Every structure is written in C-alpha cells, then in structure tokens.
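**Student:** Now for the letters of each chain:
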Amino acid sequence: MFQKVLIAEDHGLTGSGLKESLTGLSISEILVVHYCDDALLKIKAALQQGTPFEVLITDLSFKVDYKNRSLSSGEELIAEVKKVQPTMKIVVYSVENRVGKIKTLYDDLGIDAFVGKDRRDINEIGKAIKQVFEGKTYFSESWQHALRSSENQLELDDYDILLLKLLTKGLKQEEIAQYFQERNYPASSLRSIQDRLGKLKAIFGAKTPVHLVAQAMERGFI
Amino acid sequence: MNKPSFFFLFFIYGLIGSMLCIAYSQDSNDSLRYYHNVIVKPETSTELNSAFLFFEREIQKQLSKGDTISAVQNLRRVAIGQYELGFLYESEATAVKALKLLEGQKSNVVTQEARSGVLNHLGIVYKQIKSYDKAIYYYGQALDLALDSSDSIPTLNNMSYVYIDQNKYGLALKTSLLVLEKRLQQNDSIGIARAMDNLGFVQSKLNMVDALDNMESALKIRQRMHDIPGMYSSHHHLSEYFFDQGNRQKAIEHAELAYDLAKQLNSASYLENALSLLLDLSDDPKVIAYRKLTDSISSAKQIQENKYAMVKYNVEKERQKAQAAELQNEREKTYKIIFISAFIIAIVVGTFVVYRKNQQRKRELVQTAQKTEARISKRVHDDLANDVSGVMTFVENRLNIPVKMKERLLYFLNDIYVRSRDISVANAGVNVSDFPSALKNLIAQYHPKGVNIVTSPYSNISWDKVPEHKKIQLYKCLQELLVNTKKHSKATMISIAFNGKGRKNTIVYSDNGIGFDTDKILMGGMKNVETRMTEIGGSFSFESNKGKGFKGSLLF
Numbered sequence: 001m002f003q004k005v006l007i008a009e010d011h012g013l014t015g016s017g018l019k020e021s022l023t024g025l026s027i028s029e030i031l032v033v034h035y036c037d038d039a040l041l042k043i044k045a046a047l048q049q050g051t052p053f054e055v056l057i058t059d060l061s062f063k064v065d066y067k068n069r070s071l072s073s074g075e076e077l078i079a080e081v082k083k084v085q086p087t088m089k090i091v092v093y094s095v096e097n098r099v100g101k102i103k104t105l106y107d108d109l110g111i112d113a114f115v116g117k118d119r120r121d122i123n124e125i126g127k128a129i130k131q132v133f134e135g136k137t138y139f140s141e142s143w144q145h146a147l148r149s150s151e152n153q154l155e156l157d158d159y160d161i162l163l164l165k166l167l168t169k170g171l172k173q174e175e176i177a178q179y180f181q182e183r184n185y186p187a188s189s190l191r192s193i194q195d196r197l198g199k200l201k202a203i204f205g206a207k208t209p210v211h212l213v214a215q216a217m218e219r220g221f222i
Numbered sequence: 223m224n225k226p227s228f229f230f231l232f233f234i235y236g237l238i239g240s241m242l243c244i245a246y247s248q249d250s251n252d253s254l255r256y257y258h259n260v261i262v263k264p265e266t267s268t269e270l271n272s273a274f275l276f277f278e279r280e281i282q283k284q285l286s287k288g289d290t291i292s293a294v295q296n297l298r299r300v301a302i303g304q305y306e307l308g309f310l311y312e313s314e315a316t317a318v319k320a321l322k323l324l325e326g327q328k329s330n331v332v333t334q335e336a337r338s339g340v341l342n343h344l345g346i347v348y349k350q351i352k353s354y355d356k357a358i359y360y361y362g363q364a365l366d367l368a369l370d371s372s373d374s375i376p377t378l379n380n381m382s383y384v385y386i387d388q389n390k391y392g393l394a395l396k397t398s399l400l401v402l403e404k405r406l407q408q409n410d411s412i413g414i415a416r417a418m419d420n421l422g423f424v425q426s427k428l429n430m431v432d433a434l435d436n437m438e439s440a441l442k443i444r445q446r447m448h449d450i451p452g453m454y455s456s457h458h459h460l461s462e463y464f465f466d467q468g469n470r471q472k473a474i475e476h477a478e479l480a481y482d483l484a485k486q487l488n489s490a491s492y493l494e495n496a497l498s499l500l501l502d503l504s505d506d507p508k509v510i511a512y513r514k515l516t517d518s519i520s521s522a523k524q525i526q527e528n529k530y531a532m533v534k535y536n537v538e539k540e541r542q543k544a545q546a547a548e549l550q551n552e553r554e555k556t557y558k559i560i561f562i563s564a565f566i567i568a569i570v571v572g573t574f575v576v577y578r579k580n581q582q583r584k585r586e587l588v589q590t591a592q593k594t595e596a597r598i599s600k601r602v603h604d605d606l607a608n609d610v611s612g613v614m615t616f617v618e619n620r621l622n623i624p625v626k627m628k629e630r631l632l633y634f635l636n637d638i639y640v641r642s643r644d645i646s647v648a649n650a651g652v653n654v655s656d657f658p659s660a661l662k663n664l665i666a667q668y669h670p671k672g673v674n675i676v677t678s679p680y681s682n683i684s685w686d687k688v689p690e691h692k693k694i695q696l697y698k699c700l701q702e703l704l705v706n707t708k709k710h711s712k713a714t715m716i717s718i719a720f721n722g723k724g725r726k727n728t729i730v731y732s733d734n735g736i737g738f739d740t741d742k743i744l745m746g747g748m749k750n751v752e753t754r755m756t757e758i759g760g761s762f763s764f765e766s767n768k769g770k771g772f773k774g775s776l777l778f
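Protein chains in written order, with our numbering: chain A, 1 to 222; chain B, 223 to 778.
No lab work stands behind these hints, which were simulated from the structure alone.
Don't take each hint at face value.
[Said to hold, decoys possible] Within a straight-line C-alpha distance of at most 27 Å, the following computed DSS-like cross-link-like pairs (lysine-lysine) qualify:
id, chain 1, residue 1, chain 2, residue 2
1, B, K593, A, K101
2, B, K352, B, K328
3, A, K103, A, K89
4, B, K709, A, K101
5, A, K67, A, K169
6, B, K626, A, K19
7, A, K201, B, K671
8, A, K199, B, K579
9, B, K723, A, K207
10, A, K127, B, K693
11, B, K768, A, K207
12, A, K207, B, K593
13, A, K201, B, K773
14, A, K103, B, K698
15, A, K165, B, K626
16, B, K600, A, K101
17, A, K103, B, K671
18, A, K103, B, K600
19, A, K169, B, K723
20, A, K63, B, K593
Here the structure is a predicted model, which means the values were calculated and not measured.
Kindly generate the complete structure, drawing on both the sequences and the hints.
**Tutor:** Put into structure tokens, the structure is as follows:
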C-alpha cells in the first residue's frame, strides 16, 4: 500500500473524516493541509528529502480568506504538482458533479480517481485508493454511465440526413444508392444504404421507411 | 468737335490705374500685376480676354472666401476692361455690383477710395453713353467721397469735360479753375501745366483773353519738363484755338507739330488723333464733306450701338433673372429633398439607435442574471454543499448514536447535500467556447440509463455567429428540458435536432415519454424556458399530451 498520502482539504470536518476513512488501509503517513500552496510546499519538501508523497487527495474548491494565495483551486494545484512530480497519483474528492468538468479532470489533468462527496461516494474512497495503488484509473460507479454517455450519444451525420430527405422524395433504396454513387459519397453501395437505413429505423423506433420519415419529420430532423 | 475726350480720358485712367496699384501693392501675385496692366493699359496688350477670365475667377474665389474688398478691386478692373472694349452696359453692371458689395462694408480709407473710384467710373460710362446728367451726378458723389486733392482732381476734370461736351463752358471754367488751384497747391509742374492747358482751352471756347496765355504757358512748362504727351495735348488745343480764331495757318502749324510728336510717341491712337486733326483743318471740300459724313455716321452708329447694347443688356438681365429663378426653384427642390431625406434618415437612425440600445440593455440584463446565477451557485457549491458533506463525514465517523437514527440522519443530510449540489450544477457558469462539446456534456449529465439520445449534426447551426449570452440561455433551456425528461417522462429515446437557415435557428427537442398535461406542475419549467428564450429575442413552443411524448421547439 501507499506509504505517504497528502490530503488537501480546507474543510476541517471533511479532512479529518477522510483521514479516518483511510485508517484501515495501513498507510503509514497521512498529512492533512488546508491550503493549496501548503500542499505544493509539502510535496516539494518531501521530494527534496527523498521521501516523496505518493498520493494527493485534493478538493477542487477552496474558500477565499484573508491569506494571499497563489494557488486558489484544486485544478491549479494538480497542474503544478504534475510539473513537480509527474508520477504523483491524484485523487479528486469534490462536490463537483458536472460530467463535463469531471471528464476534463481525467482527460486534461490526468487524474487517477474522482470521488464525489455524497454519502454513497464517500464510502468509495478506500476502494478508489486501492484501485489507484494497483495502477488503475478509478471511476465512481455513479459516474461510469455519465462519463460514457457522450459515446452513447448518437450524432447523425449529413449523409443520414440526406438519406432521410431522399426518402421523403419517394426514392427507393436502389435509387438512393445510385444517387450516392453518382456523387461519390462514401458508403454508397446498396448494402451500405440498407445498413444506414436499418440503423436509422432502429434509432427512431420505426418499422418501415415511411414510418421512419414520419418520425424524423416529427422530430424536426428534416 | 468731339476730339478732346482723348486727352481727358487718357489721364483719367492713368490715375485710376495708379489708385488700384496702391490697392494691390501688398499683393505679390505676379499674374494679378500682369493682368492689371493688361486692363489699365489695353493698347499694350491683346490679352484682355484672358485678363477677364483671370479676374472673374479671382472674384469668385474672393467672394467665396469673404474677401469683399479684393473682389471689389477686381470688379473695378473688369469694369474698366469692359469699358475699353465698348461694353458700356456690362461695365455699368459690373460697377454697380462693386458698389453694392461696398454697401455692406465698414467705411474706411480703402472702402472710401474704392467707392469713390467706382462712382467716378460710372460717371465715365454715363458720359460715354451721353447720359450727361447721370454722369455729373455720379462725379458729384465721387467728389464727396474724395479723400484729398489728388483724388478729386481727375473727377473734377471729368466733370469739366462733361460740361464741355454739353457746351456748358461756364461750368467747365469753374471746375477747371478749381483744378488749377488744387494743382498749384500740389506744386506738381506737369499737373499744373495740364490744368493750365485745360483751363486755357475752356477759356478759348468762352473767348476769354487769358486763353492763349494759359495755353502757351502750359506748353512752355511741358517743353521744359520734356512732357511729350503733354506737349502734344498743348499743340492740339492750340491748333483748335487758332482754328476757332480763324487763323488756319497757325492751326495747321500746331497740328503738324502735334503730328510730329505723335510720331515720336509712336502710338497709334496719338497718330490717329493727330491725323484726324489735320483732316479737320483741311479746306478740301471733299475732305470736309467726308468728315461731316463720317461724323454723322459715327454718331448714328453710336446711338445704334447704345440702343443695341441697351436691348442686349436688358435681355441679358431677363435671362439672368430667369436663370436665378430657375436656380432658386432647383435649390428649393434640392432643399426639400435634403430635408425629407434628412428627416427619414433621422427617423431610421433614431429607430436603429433605440433598437440597438434596447438590444444591448436586454443583453446586459441577461448577462447580469447569468452572472448572478453563476455567483450564487458557486457560493452554494463551495460553501453549503461542502459544509453538508463535512457534517456527513462527521456523523458517519464520529457520532455515537443508534445505527437506525444515524442512517436516517445521514439520509436527510445527503438529501440536503444533493439538492444544494444540484442547485449549483443547474446555475453554474457555462463554458460555451466549444458549444457542441458543452452540449454533449450537458446531455451526458442528464443522460438517463437505458435511454437512446440522437442528435442531428451540431454543425447545422453556425455556433460562431450565436452570441455567448444566447448560448448560455440555450444551454439552460436544454438543461431544463433534459431534467424534465429524466425526472418525469420515462422516455426511452430523446432526440435533439439542430436546424439553421440563414439567421433563423431552431432546436427541436423531443422525447417519447409519457408526456404531461399542459396544466400540470411541469408548466413551471416550461415557463422558465419560455422566459429565457424571450429574453434573448427568441421564442419557445411545445406540445405534450399525456401518453404522447413531448416536443419543444426553441427558435432564435
């Protein structure tokens, strides 16, 4: 298991609670700091002393107070840490639940785990640390679906729309294929057209081409 | 006996020329000096036409610049030129124009000299068309304005010449004496000689004894001064004198002497004058008959010319009047058009400005609302949600209460947590720089499990052309619709179609859920969408019936 973990969390209760949650994991050193600047200092110092932290658990938002800070958010801290110690594992622990935001944490900042602050997620922090220790990226269960959503969103392309439009003009599948071929459009074989048509019918829950056209028109696609 | 005019005119203009020279002496313009000389000494140049053109242009320029005095001086030059060419009525009109311009000017040395000069010129013109009374009247006016003797002498001379022409020798004598008096004060030999000569000539007409004396004294002075034109004038007058006295022999002698002097001067006009004098003295009956005939022809011709000039002038005046009226008409039309267009433009611009202001105000309102939302949501997010989360951890780890109670407490706390967190999600600032990906994330956020989501190509709408505040509103609207679907519809499919046509864009959102009755509680959310859309000048319409799914169109 990890030997040195740093927690950056400005909320006293949460910080100590987190520490508590990790007690069962036999981590020898868990340090809690309340400011991003502090966290970065501690990381640099440990690195110099040859005993670097292995994991950073950080919140994203830190309250603004009288202290003049150069780093004011978890994102900024993570970006700095990645420069100083690229191998550091990062676990984000936050109330954030916007999919887009969380996606960018993984994609752009290269975090290893995201754990939400609601009740269901809190209990997953240990699980997340274990996964990360195994070198895996951890997705909290409640996010897995949403994070995969963009892959599940189906954006029709221009050829789909064109095909629908040609159907409204009463063209048969063969004629549509010919129309595509004449213009050198991709996937213009009759088979491809049929496949495309099948896909569209499935999407719109239509049984026949006529039904499909009606659905597509109803929904403003053509 | 029409000949004396020659001498008088000769120095009349010499003097006006010199006055005008004073007027332009500060002006270093070479062409002005050149054309001035063309005008005042017309016998030395054939370029009168270009001189006219030059001065016309100068006058236009000066008038538009408001330099009235310079314009007047140039008008005087033009008037002289016109007179020289025989355009008497045009010359009169030009002089009158100059006089009118002077009326508006403050009285000072320059304007007084100019006015006096113009009046003198009018006298000359009227004398030439034989309006003697008018001539005398204008000379009198000029005299009243004369600054000093040197100014008044030429005018006085002109007056006496009119009297001679009218055979009013008594009046001519008076003025001639006055001139001599002034000349003697000036102590200018040539001037004195000229005045004495003229006086003698008038006296001779009155058969006065001093006549010959005065003329001979004048000749002597002139000979001493070697004043050849003056000497010519003296001999001419003496010749006439002796001819009047019946001494033909002496008359011819003087005429011959005058002819010699004319040859010395080598001037066509002097020569013509001298030869004409000799012809007058001839006793050849044929010559006498010829002279009589040419005299009567020339005077008839002069009358004809005058008549013709008068008619021409009147026609010209009428034409100018008509032209002015037409111009005025045209101008009024133009003014009308300008006025109306200005009015229309003002209205259009005004409407546009008000519209733009309104638009801007609306935009600012929307932006302020959006900023406030974002700010509040950050507070809720950062403070409230975090605090509740902290309390939850505390309860979970530290609080020693019965498990059942702990579970209940945690359940409530979590509910508060989720609700406050969701407020922040719903109202947080939106990064719309990459709008399609922002929308994709938004859809992901509310993507219910097991629901198919299909969209038409995002690029159907040119998002670059949609202002940021509108994008944020659209984002919030779609959010509202997605939340509705997720929470209430039990739909298995959501479709979002983007359509852009020119500047009109629509987003059609639909699901295949259970729908709702339009009088139900969900109307609150629909109202929100409608408000947001109207705030950005768009509109929202939807249809939903229980069991028939939902379809909403965002127009913007």
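**Student:** Determine for every hint whether it applies to the structure shown.
**Tutor:** To see whether the hints hold, each was checked on the structure:
1. With a C-alpha separation of about 19 Å, the suggested pairing of B:K593 with A:K101 holds against the 27 Å cut-off.
2. Using a Cα cut-off of 27 Å, the hinted pair B:K352 and B:K328 is violated, with the two alpha carbons roughly 33 Å apart.
3. Between the alpha carbons of A:K103 and A:K89 the distance comes to roughly 17 Å, so the proposed pair stays at or under 27 Å and holds.
4. Between the alpha carbons of B:K709 and A:K101 the distance comes to roughly 22 Å, so the proposed pair stays at or under 27 Å and holds.
5. For the proposed pair A:K67 and A:K169, the alpha carbon gap of about 69 Å is over 27 Å, so the pair is violated.
6. Taken as a hint, the B:K626 and A:K19 pair is honoured in the structure, with Cα atoms around 25 Å apart against an allowance of 27 Å.
7. With a C-alpha separation of about 21 Å, the suggested pairing of A:K201 with B:K671 holds against the 27 Å cut-off.
8. A threshold of 27 Å between alpha carbons decides the hint, and for A:K199 with B:K579 the separation of about 50 Å lies outside it, so the pair is violated.
9. Annotation: proposed proximity of B:K723 to A:K207 is violated, straight-line Cα distance about 30 Å (limit 27 Å).
10. A hinted pair counts as satisfied when its Cα atoms are at most 27 Å apart, and A:K127 with B:K693 does not qualify at roughly 39 Å.
11. Pair hint B:K768 plus A:K207 holds up; C-alpha atoms about 23 Å apart against a cutoff of 27 Å.
12. Taking the CA atoms of A:K207 and B:K593, the gap is about 47 Å. The hint is violated against a cut of 27 Å.
13. This hinted pair checks out: A:K201 and B:K773 have alpha carbons roughly 19 Å apart, not beyond 27 Å.
14. Proximity of A:K103 to B:K698 is assessed by CA-CA distance (about 20 Å); at most 27 Å being required, the pair is judged to hold.
15. Simply put, A:K165 and B:K626 have alpha-carbon atoms about 61 Å apart, too far for the 27 Å limit, and the pair is violated.
16. For the proposed pair B:K600 and A:K101, the alpha carbon gap of about 14 Å is at most 27 Å, so the pair holds.
17. For the given pair, A:K103 sits about 18 Å from B:K671 by alpha-carbon distance, which is consistent with the 27 Å threshold.
18. About 19 Å separates the Cα atoms of A:K103 and B:K600, which keeps this hinted pair within 27 Å; it holds.
19. Distance check on the hinted pair: A:K169 and B:K723 sit about 20 Å apart at the alpha-carbon level, within 27 Å; holds.
20. A hinted pair counts as satisfied when its Cα atoms are at most 27 Å apart, and A:K63 with B:K593 qualifies at roughly 19 Å.
Checked against the numbered hints given earlier, this structure breaks hints 2, 5, 8, 9, 10, 12, 15; the rest are met.
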